[in-house]
Amino acid sequence: MARGMSRWLWVSALVFCAMLALARIGCDAAADKIAPGRVMARQAVERQARWNTTDHSRHAALQQSFASGDAITQACLSCHTEAEAQLHETLHWTWIDPLSPPDRIVGKAGHSLNNFCLSTNFMTDRKCLDCHIGWNGKQGRVNCLRCHGRQPLDWAAAFEAYRKLSGSSEVADQARAAEVQQEIRAAVQQVGLPTRAHCGACHFYGGGGDGVKHGDLDSSMAHPDRQLDVHMGGDGQGFHCTRCHTTRQHHIAGRVYGTPAVTARRSLLEDDLTPKITCEACHGATPHPAGSKTNDHTDKVACQSCHIPAFARRLPTKTGWDWSQAGRRRDGQPYTDPGPLGMPAYQSIKGEMTWTRDGIPAYFWFDGAIETLTVKDVIDPDTVVHVGWPVGRPEDPGARIFPFKVHRGKQPYDTVHHTLLPPLLSGPQGFWTTLDWPEALRIGAERMGIPYSGQFAFVESRYVFPTTHMVAPKDRALRCEACHTRHDGRLARLGGFYMPGRDRWPWLDGAGWLLVLGALALSGVHGLGRIVARRRGKEDRR
Amino acid sequence: MKSNATQKVYLFTRFERFWHWLQAALILGLMGTGLEIHGTFALLGYARAVRLHNFLGLTWVVLFCFILFWAFTTGEWRQYIPTTRKLLAMARYYALGMFKGEAKPVRTSPGAKHNPLQRLAYLGIVTLLLPVQMVSGLLYYTYNQWTAGGLAAFLDLGIVALVHTAFFFLLLAFLVSHLYLATLGHTLFSMVKTMVTGWAEIPATQEVHDWEWADRHGQG
Chain Z
1 MARGMSRWLW
11 VSALVFCAML
21 ALARIGCDAA
31 ADKIAPGRVM
41 ARQAVERQAR
51 WNTTDHSRHA
61 ALQQSFASGD
71 AITQACLSCH
81 TEAEAQLHET
91 LHWTWIDPLS
101 PPDRIVGKAG
111 HSLNNFCLST
121 NFMTDRKCLD
131 CHIGWNGKQG
141 RVNCLRCHGR
151 QPLDWAAAFE
161 AYRKLSGSSE
171 VADQARAAEV
181 QQEIRAAVQQ
191 VGLPTRAHCG
201 ACHFYGGGGD
211 GVKHGDLDSS
221 MAHPDRQLDV
231 HMGGDGQGFH
241 CTRCHTTRQH
251 HIAGRVYGTP
261 AVTARRSLLE
271 DDLTPKITCE
281 ACHGATPHPA
291 GSKTNDHTDK
301 VACQSCHIPA
311 FARRLPTKTG
321 WDWSQAGRRR
331 DGQPYTDPGP
341 LGMPAYQSIK
351 GEMTWTRDGI
361 PAYFWFDGAI
371 ETLTVKDVID
381 PDTVVHVGWP
391 VGRPEDPGAR
401 IFPFKVHRGK
411 QPYDTVHHTL
421 LPPLLSGPQG
431 FWTTLDWPEA
441 LRIGAERMGI
451 PYSGQFAFVE
461 SRYVFPTTHM
471 VAPKDRALRC
481 EACHTRHDGR
491 LARLGGFYMP
501 GRDRWPWLDG
511 AGWLLVLGAL
521 ALSGVHGLGR
531 IVARRRGKED
541 RR
Chain U
1 MKSNATQKVY
11 LFTRFERFWH
21 WLQAALILGL
31 MGTGLEIHGT
41 FALLGYARAV
51 RLHNFLGLTW
61 VVLFCFILFW
71 AFTTGEWRQY
81 IPTTRKLLAM
91 ARYYALGMFK
101 GEAKPVRTSP
111 GAKHNPLQRL
121 AYLGIVTLLL
131 PVQMVSGLLY
141 YTYNQWTAGG
151 LAAFLDLGIV
161 ALVHTAFFFL
171 LLAFLVSHLY
181 LATLGHTLFS
191 MVKTMVTGWA
201 EIPATQEVHD
211 WEWADRHGQG
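As you go down the protein sequences, you meet chains Z and U in turn. With UniProt numbering, the residue at position 192 of the first sequence is 192, and numbering never jumps. With UniProt numbering, the residue at position 110 of the second sequence is 110, and numbering never jumps.
Some hints could be false.
[To be verified] 30 Å max Cα-Cα, derived DSSO-like pairs, lysine-lysine:
1. Z:Lys538 - U:Lys100
2. Z:Lys474 - Z:Lys33
3. Z:Lys538 - U:Lys86
4. Z:Lys538 - U:Lys193
In short, the hints are calculated from the structure, not lab data.
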């Protein structure tokens with residue numbers, strides 16, 4: 001019998017080991033495969049030398065003397081006849097959502113607000129025009145070179161110098177004028193597709209400084225490595241922005257306020273002219289190795305949620321801005337207090353600010369649209385005002401769980417009309433010069449033609465930015481436990497659905513463990529009874 | 001005065017022992033990984049726990065099919081037919097008789113391996129607990145196919161998880177009792193030994209019918 005038993009123990013041990021080995025094979029086979037989404041994407045972007053049928057330096061139109069920006073644009077248009085008309089239709093020119101009604105114009109140039117510099121005051125705040133792509137704000141012609149010029153030049157200074165020198169009768173000045181013109185012409189002749197630097201000149205510095213606004217866009221993205229962004233990294237794929245932000249008639253693919261970047265997520269296999277703005281375009285809807293559970297997530301979780309573990313991974317981004325503290329003076333002068341991360345904690349002209357590096361995103365359901373408030377909207381000052389907030393519900397088939405940078409603000413509102421207020425900031429009458437709230441608010445409202453009672457206070461507000469750049473290498477993607485965990489997971493506050501590992505019914509767990517303890521207790525009592533009975537039995541026999 | 005003389009009978013055949021212990025291992029593995037997925041503790045890491053849980057679960061379903069096949073082809077399913085005969089006597093024995101040194105009201109034999117209480121318990125487990133746990137597990141596993149399969153309208157992942165968790169607790173409570181009851185043999189581990197070797201020692205005085213020996217004796 002003893003021999004038989006040990007034999008069976010050995011057999012069961014062997015069976016158990018075989019099972020474990022099988023389990024390992026079954027489990028890890030999927031992980032070793034190459035992700036099909038990666039193979040597809042590599043095929044989609046396989047590098048080919050760009051070829052061109054034109055050399056801009058040989059075009060007669062670009063060999064003339066240029067005395068103004070408008071003249072340059074005129075030269076461009078002599079060949080690219082429709083370019084300016086196309087540009088005038090785009091968000092990059094209008095700064096207005098084309099779908100918004102005229103009495104509630106959504107867009108920077110319209111009634112929209114944020115909780116950074118609040119408003120452009122219908123573009124009358126001249127500082128905002130720094131980023132507009134015209135030679136002279138929205139009035140002049142389109143400046144093609146803002147996006148296509150490969151040779152940076154201080155155009156205003158160059159034209160000014162050229163005008164002065166060429167008007168002079170001195171021979172030396174004429175020679176200098178020719179030199180300046182040579183520089184201008186050389187810059188005009190060096191044109192090409194937009195690079196990261198072109199887009200970044202505005203988009204890295206939104207909100208008035210490097211990395212202030214987006215969290216996933218700052219100057220570290222001009223020349224990133226692949227740890228910062230696998231696609232754009234020089235040691236990665238080396239993408240420029242336009243690789244994904246594909247263009248049709250100068251409309252650059254991307255979200256426009258309440259209008260998602262795309263309405264259908266299609267891959268290039270399904271539609272070879274689809275904008276490459278979605279991850280799915282190149283990677284497909286099930287990019288992970290066949291059998292990976294992660295492929296089952298893509299219908300509800302955006303790729304960005306796991307593949308961008310943190311935003312602002314190199315440079316800090318602004319995550320809090322309390323305007324109510326602005327306007328303080330020290331010794332009668334505006335001042336700046338330095339803070340952590342090398343960024344100011346306080347500025348008289350702006351108020352108190354908080355900065356974050358390696359920020360953990362907040363996650364919301366997102367169908368690609370962001371609802372933004374305008375100066376026309378009535379707010380509830382007793383709540384935290386959502387100035388910009390993602391649209392989407394768990395049951396929407398188009399919505400995904402998406403990562404966001406949330407910017408916490410405190411900004412002025414009209415305590416009588418319950419509307420947010422757009423103070424004028426820059427210029428001689430602006431708050432940054434006067435530090436005079438009542439006056440800056442009055443002028444700002446007047447410029448936008450909105451009623452202002454003269455009574456104001458500050459209200460807590462939130463504004464979101466989708467986190468979609470700074471895609472990390474795959475080994476840096478979030479692990480399951482980042483969300484599938486009972487406490488403090490990244491999705492701890494996202495309700496409306498059951499998530500394994502996070503959710504449970506505490507009453508069921510309580511009742512269940514009680515049942516198990518009951519069984520254990522019953523066994524224990526019964527066992528004690530047996531021991532007692534046995535002893536008694538032995539005594540009896542004695 | 002009880003006689004201590006015993007005779008050996010071959011109670012559990014090779015496949016029966018194999019499925020019992022494999023099922024035991026699978027269920028223990030499923031419980032451990034299941035609890036990790038439930039968020040009770042962290043050991044393997046979530047991804048590995050999920051993959052292992054899925055693998056063990058599917059293996060169990062396959063094994064269960066073999067067990068059913070075995071039960072029906074060998075006629076062993078008859079061992080699970082519930083009976084009220086001596087049911088109360090057995091309950092009374094567990095609750096009182098055992099402590100008074102009374103004899104067990106039913107005798108184990110190859111024709112009747114399980115006492116009436118066991119029959120009832122195992123029947124409940126095999127017809128209710130295990131199937132519900134397997135079906136809820138399979139539904140959980142195929143969650144992403146619900147829409148394509150037309151199930152999305154009727155099912156909610158939370159409800160499926162609730163059932164799966166509730167039945168886990170029932171199974172765990174059974175397991176605890178089962179482990180304890182396994183010590184009630186004539187020595188603490190005699191029943192475990194029987195489950196490993198297949199051979200049981202029963203009182204020599206007990207009559208074992210010929211038909212009970214016929215197709216079993218000498219196997220193993």
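Structure-based check of each hint:
1. Only pairs whose Cα atoms come within 30 Å are accepted, and Lys538 (chain Z) paired with Lys100 (chain U) is accepted, the gap being roughly 12 Å.
2. At most 30 Å may separate the alpha-carbon atoms for a hinted pair to count; Lys474 (chain Z) and Lys33 (chain Z) meet this at roughly 14 Å.
3. Distance restraint check for Lys538 (chain Z) and Lys86 (chain U): the Cα-Cα separation of roughly 28 Å lies within the 30 Å cut-off, and the hinted pair is therefore satisfied.
4. With a C-alpha separation of about 25 Å, the suggested pairing of Lys538 (chain Z) with Lys193 (chain U) holds against the 30 Å cut-off.
In the structure shown, no violation is registered for any of the earlier numbered hints.
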